[in-house]
Amino acid sequence: MSTKAATPSVFDPAILLPALRDALIKLDPRQLVRNPVIFVTEVVAVVVSALWLQELLTGIGAPAFSGQIAAWLWFTVLFANFAEAVAEGRGKAQAESLKRGKADLFAKRLLFPNDEADTASEVIPATALKVGDIVLVEAGDIIPGDGEVVAGVASVNESAITGESAPVIRESGGDRSAVTGGTQIISDWLRIRITTRPGESFVDRMIGLIEGAKRQKTPNEIALSILLSGLTLVFLIAVVTLYGLALYSGTELSIAVLAALLVTLIPTTIGGLLSAIGIAGMDRLIRFNVIATSGRAVEAAGDVDTLLLDKTGTITFGNRMASEFLPVEGIDDADLAQAVLLASLADETAEGRSIVALAKAEYGLAEPASGQGRPIPFSAQTRISGIDIDGREIRKGAVDAVLRFVGLDRSQAPAEFNAAVDLVARTGGTPLGVADGKRLLGVIHLKDVVKPGIKERFAALRSMGIRTVMVTGDNPVTAAAIASEAGVDDFLAEATPEQKLEFIRREQEGGRLIAMCGDGTNDAPALAQADVGVAMQSGTQAAREAGNMVDLDSSPTKLIEIVEIGKQILMTRGSLTTFSIANDVAKYFAIIPALFMATYPELGALNVMGLASPESAILSAVIFNALIIVVLIPLALKGVKYRPVGAAALLRRNLLVYGLGGLVAPFVGIKLVDLALSALNLI
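With the numbering used here, the residue at position 426 of the sequence shown is 426, and numbering never jumps.
Derived by calculation from the structure, the hints in this document are not laboratory data.
Treat the hints loosely; a few may be bogus.
[Unchecked claim] For lysine-lysine, the following DSS-like pairs were computed, each having C-alpha atoms within a straight-line distance of at most 27 Å: (1) LYS360 to LYS451; (2) LYS438 to LYS360; (3) LYS455 to LYS641; (4) LYS108 to LYS130; (5) LYS360 to LYS447.
All values reported here derive from a predicted model rather than from experimental measurement.
Input sequences plus hints: build the corresponding full structure.
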């Protein structure tokens, strides 16, 4: 399981103080115009402030009243800016820790990189590294830049990037060869080929993305902004109409009162929190060790219908691993295991190491003393490894290569040997033959090992209405076996990059939103085409650049958290919009009766709050309007808890909790403020 990154508290002084400063900076109208509701509030605050100064200088009017209105209007704008600044600040705090982690890095650049035995190196600043440089990183060293392991096996602490406390193994070949600058070698050593230029590393991109809170708005956010702008225009017309009604009825309404009336009726609550909700959604992804390059992708995740997953390195571990040894008749299990161990000592591939590990773990065997026998290293040309020892020629490798070594073909091989080969192939595994001289000893079963717990996670995705499809280049038999073991809904076998791309386009043309998880270069086109492209951090550079999200834990089922966060954003916006509109309805009962009660005594029946005076009603509503934004900041940042329920149940819950809550809260809040104003003689 992944370990969530530490989350700074909303009330952390390290975040609050910069957020207060940023809230003041955001008063710049050029920045605020992106939020029409709060921009209108600022314009109104400027007008009322000018009116207050005029009344103060001329002594005409009620400067104490208009001054308080102006102050609380400015607080409303500041609190809205503060909500956005706090959301940005949490991400920036994490970016600063990443910056500190990559500062003052040095690298041991190898002077003779083509000589595997020569470790002569020069120490240079990491910023001086070029693409293609080979560096030596030893125990205790910080990896100076993104790269690919070309030699060595080492334990690496990636907690600075992933938040995961357990170290991981990095080695050449397979899906564990990618390393990230800023992580630390715990044991052994690695030779790493640098793959990115200074300033373009994954950590640099992370810092840029985390700091990039000024992201483009998503379609949902744009639509909601248009709705809020429309409501603002409607209430502006309504206030002008009320002013005409006041003139007709002889009711005196000052500009301060009209301004306060406009601000309290327009949807300032959701307008002030809208940006914070979106930024906080991306911040929550970071806490799940997922970096999103697009807010649009985060929202799209909330509506995903189909998830495509690459098999190798995503559903399964990247390397095939030995699972069992199958001896032919007359050969003892222990004798086969001993031969397999000896034949694999010179095989430096991940498969070879897994064979040695299985022989040691299952049969308690030990490696022979160093220097015994003549090892035969594995090569791609022969597809065989082995050892000549004590007059024996022990070989292990691809079935056809081993048969060729013993001078046989499949038709001449023993029946039990062929049966074992066919059994392994039918279950989706890869058979390797083992021979001692001209005698066949048995078969090694190599299999793609499905990552633990993945079947349960796919079941959880299914319960969320998401269909899972495994895509692989394997033959249909192997694909079917892995798909069954992993618990996916469907699979696409012998898939080329073009076929993956065509599948996604066909699904999208049918109106479905597609998510793709992959780690290889051949996954890059599909990752780029998908609505949500989640690249594994352990994958290739091409995959990471093509996706619009990168999973730092390389867990294919992380989409569960991604989908939940996407749904959280949509639900939080919907809930707070419901609350905000319900608030406005309740404010009518606070302000309208108080304003016109003197002219139309019948409206007194609507003054259910029993507010002290029209002035107190106006000021109480303005103060409540400002304070409710502050109260709702934690909810906007945390998000409404996701529950896998239907749309009807969700609507009922929204109306009951946030609709009814939005109606009740102003009655209670405005009345309490009214009592406080009366007690303090501020009106």
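Hints, verified against the model:
1. Restraint check for LYS360 and LYS451: the C-alpha separation of about 22 Å stays at or below 27 Å, so the hint holds.
2. Taking the CA atoms of LYS438 and LYS360, the gap is about 26 Å. The hint holds against a cut of 27 Å.
3. Using a Cα cut-off of 27 Å, the hinted pair LYS455 and LYS641 holds, with the two alpha carbons roughly 25 Å apart.
4. For the proposed pair LYS108 and LYS130, the alpha carbon gap of about 13 Å is at most 27 Å, so the pair holds.
5. Restraint check: the Cα-Cα separation between LYS360 and LYS447 comes to about 18 Å, which is no more than 27 Å; the hinted pair holds.
No hint from the list above goes unmet by this structure.
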